[in-house]
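Top to bottom, those sequences are chains L and Z.
Heads up, the working numbering is the position in the first sequence plus 279, with the first residue counted as 1.
Heads up, the working numbering is the position in the second sequence plus 116, with the first residue counted as 1.
Hints are computed from structural coordinates only; laboratory data are not their basis.
It is possible that part of the hints are untrue.
[As the list claims (entries may be wrong)] In the EDC-like style, the derived pairs of lysine to aspartate or glutamate whose C-alpha atoms are separated by at most 16 Å in a straight line are:
| hint | chain 1 | residue 1 | chain 2 | residue 2 |
| --- | --- | --- | --- | --- |
| 1 | Z | K156 | Z | D169 |
| 2 | L | K386 | L | E496 |
| 3 | L | K386 | L | D495 |
| 4 | L | K386 | Z | E128 |
| 5 | L | K386 | L | E500 |
| 6 | L | K395 | Z | E128 |
| 7 | L | K316 | L | D337 |
| 8 | L | K283 | Z | E305 |
| 9 | L | K283 | Z | E306 |
| 10 | L | K464 | L | E360 |
| 11 | L | K283 | Z | D315 |
| 12 | L | K434 | L | E456 |
| 13 | L | K316 | L | E344 |
Computed from a predicted structure; not experimentally measured.
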Amino acid sequence: MRKKRWVPWLLIGPALLVIILTTIYPLLAALYYSFHKYNLRRAPQFAIQLGESGIHIDWSLLSLENYTRAFSDSRFINSLEVTFWFTVFSVGLSVVIGLFIAVIVQKGGWLHTLTKVLLIFPFAVSPALKGYSWRFMLNENYGIYDLLIDSLLVKPLNALLSLLNALPLVEIPYISESIVWLGDKFWALFMLAMSETWGWAPLIALMFVGALGSIDEQIFEAARIDGANRVQIFFRVTLPLLRPVILIVTMLKTIFSLKMFDQVVTMTGGGPVRATQTINYYIHQMGFVRSLDIGYASAMSYILVIVLTICAALYVALVLNRD
Amino acid sequence: MTKSLSLAKMLETAALLLIIFFIVLPIVWLALTSIKPQEKAYTTDIVFTPTADNFRIIFSDTSVIINAGTERERGEVGRNMLPSVLNSVVVSGATILIAIPLATIAAYAFSRYLFLGNRALLIWILTTQFIPAIVVAIPFFTLFRSIEIFERPLLGTQLGLIIVNMSIVLPYAIWMIKGFVDALPGEIEEAAYVDGCNDFQVLFFISLPLIRPGILVASVFAFIMSWNEFLFALIIGREMRTMQVALMTTSGARGIMWEQMAAAGLVVMLPIFFLAMFIRKNVVYGLTMGAVK
Chain L
280 MRKKRWVPWL LIGPALLVII LTTIYPLLAA LYYSFHKYNL RRAPQFAIQL GESGIHIDWS
340 LLSLENYTRA FSDSRFINSL EVTFWFTVFS VGLSVVIGLF IAVIVQKGGW LHTLTKVLLI
400 FPFAVSPALK GYSWRFMLNE NYGIYDLLID SLLVKPLNAL LSLLNALPLV EIPYISESIV
460 WLGDKFWALF MLAMSETWGW APLIALMFVG ALGSIDEQIF EAARIDGANR VQIFFRVTLP
520 LLRPVILIVT MLKTIFSLKM FDQVVTMTGG GPVRATQTIN YYIHQMGFVR SLDIGYASAM
580 SYILVIVLTI CAALYVALVL NRD
Chain Z
117 MTKSLSLAKM LETAALLLII FFIVLPIVWL ALTSIKPQEK AYTTDIVFTP TADNFRIIFS
177 DTSVIINAGT ERERGEVGRN MLPSVLNSVV VSGATILIAI PLATIAAYAF SRYLFLGNRA
237 LLIWILTTQF IPAIVVAIPF FTLFRSIEIF ERPLLGTQLG LIIVNMSIVL PYAIWMIKGF
297 VDALPGEIEE AAYVDGCNDF QVLFFISLPL IRPGILVASV FAFIMSWNEF LFALIIGREM
357 RTMQVALMTT SGARGIMWEQ MAAAGLVVML PIFFLAMFIR KNVVYGLTMG AVK
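Only chain L is shown next, with the shape it has when bound in the complex:
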């Protein structure tokens, strides 16, 4: 081997330089900003000043004010709650539905194969477009989803309720057929999570299909011979074998969900009444739209960075453990 020791550094150097400039620089700069009063409407005063006598640090300009402000800002607390529930709904639904799809399409005839091919479709739709199309389809006057939900779910349920109410027991209130999906605090958040699920459940299904394919067929065969039915096989064999993959996928999707931004802008605009303002959306509002408070926006995004760092560490540990 005539491999030279300096060669790898020459090959990695350019990429490393660009990554440092585009990730380390902003991480450090945002941290620095977060300790300052820094609003774009006023000229900022930074602690580190370059004077005639060299670098001078004015400690009095640094403060934790932006951080303490965040935790007493009810709108920021609200964005934490919204992000939490959005993550719970979207991760839970995506993983469960993805698993369901994977188990169904894994083996079988042409319809199974066709479905597997179609699973890639939502990947082609950008998050911003996803948000717009869902907003259009959920419209209470001309949305196709609204029509489907009313005619396939609400009407049959109400018919069932009218039968029950005919009995002289308790009076159960009927479900409204005119819910404005994106105008209701709960439903808006739920539908935001559903749009995310539409995009991710098929992709997560594809991940599980791959993982299922690598499990030795003889294991399922042995379970069948022992007399296990499909439900038993799923809970006693498939699920335990998929556990490591399910954990990795759940962690990955959690990280993506915590960063939710695009669809909030295009689908709900954070509303109704802040019910769908995720952390990212609120930071964007405070930093670039409502006020131009870069210091405060930096502090809040650092809180998000800390949460994501913990998740990323867990994710890396899960992935490395598996190898």
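Start from chain L and add chain Z according to the hints.
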């Protein structure tokens, strides 16, 4: 026994049809709406005479379009989408033209050389993809406001957006291409070293041609990432609208003009749709960086 089996089969088929229906519905609905005449766009009718008007409107400069003797109002802020299509093409194209060569040689080095900190650096690069985009956008926003190129601030230019795009595309491409290099057996390279090739001859004449398919797949992924990117495009790209941001300009005095939105949406989606078909087999690998095999 056979009876319950066939019932299970029927349930399975029903479930499959339901899955297909819900996956395809939003895409089909968008496509249908894009060719609906305006008066039908705000209904759930599926019987109508298809029209190309919506596409003509989003690619025209005039604010009023005359069609079959009827005057049609366009969205108040509606504007020609063609510059936005070009912006998206230029930004995504330039992003991969810069990122892919850098990522390729770095990935090759990570895969083929053992050097101090190799693994730690790789894992660090993996974790950079978990940095929220907003924390990258904030300092670059303030920086690009003050940097001027050709007497124009870098904020709101294609170049500015290309630079911040590197933060998401480059780490991703390194990991992806490294996977393809790892999969390549090293014997051919060994033989080339024995025959007297130096490190660079081996890299450029032996290994690169062999991983070309992998580089192509990574390029397609990187293109899709920057094409669909929204947060940077909104904060750093600003008035230089990429297609994702231009979708917003279909709103006018009467709210969003859905038939125009759908047409613009189709323009955004179709190229990615074909690219996605092309990398179908690699999507799982690409999304999880090989963490799920």
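Each hint tested on the structure:
As the CA atoms of K156 (chain Z) and D169 (chain Z) are separated by approximately 13 Å, the hinted pair is consistent with the 16 Å bound. Distance check on the hinted pair: K386 (chain L) and E496 (chain L) sit about 11 Å apart at the alpha-carbon level, within 16 Å; holds. A distance of roughly 14 Å separates the Cα atoms of K386 (chain L) and D495 (chain L); the hinted pair therefore holds under the 16 Å criterion. The straight-line distance between the Cα atoms of K386 (chain L) and E128 (chain Z) is roughly 11 Å, inside the 16 Å bound, and the hint therefore holds.
Between K386 (chain L) and E500 (chain L), the direct Cα distance comes to roughly 14 Å. Compliance with the 16 Å bound is thereby established for this hinted pair. The suggested pairing of K395 (chain L) with E128 (chain Z) holds, with an alpha-carbon distance near 14 Å, which does not exceed 16 Å. Our distance criterion of 16 Å between C-alpha atoms is met by K316 (chain L) and D337 (chain L), whose separation comes to about 13 Å. Our distance criterion of 16 Å between C-alpha atoms is met by K283 (chain L) and E305 (chain Z), whose separation comes to about 14 Å.
Between K283 (chain L) and E306 (chain Z), the direct Cα distance comes to roughly 14 Å. Compliance with the 16 Å bound is thereby established for this hinted pair. For the hint pairing K464 (chain L) with E360 (chain L), the CA-to-CA distance comes to about 13 Å; that is within 16 Å, so the pair holds. Proposed proximity of K283 (chain L) and D315 (chain Z) is supported: the alpha carbons are some 7 Å apart, at most 16 Å. Between K434 (chain L) and E456 (chain L) the CA atoms are separated by roughly 8 Å; this keeps the pair inside 16 Å, and the hint holds.
Straight-line distance between C-alpha atoms of K316 (chain L) and E344 (chain L) comes to about 8 Å, which keeps the hinted pair within the 16 Å bound.
In terms of the numbered hints stated before, the structure departs from none.
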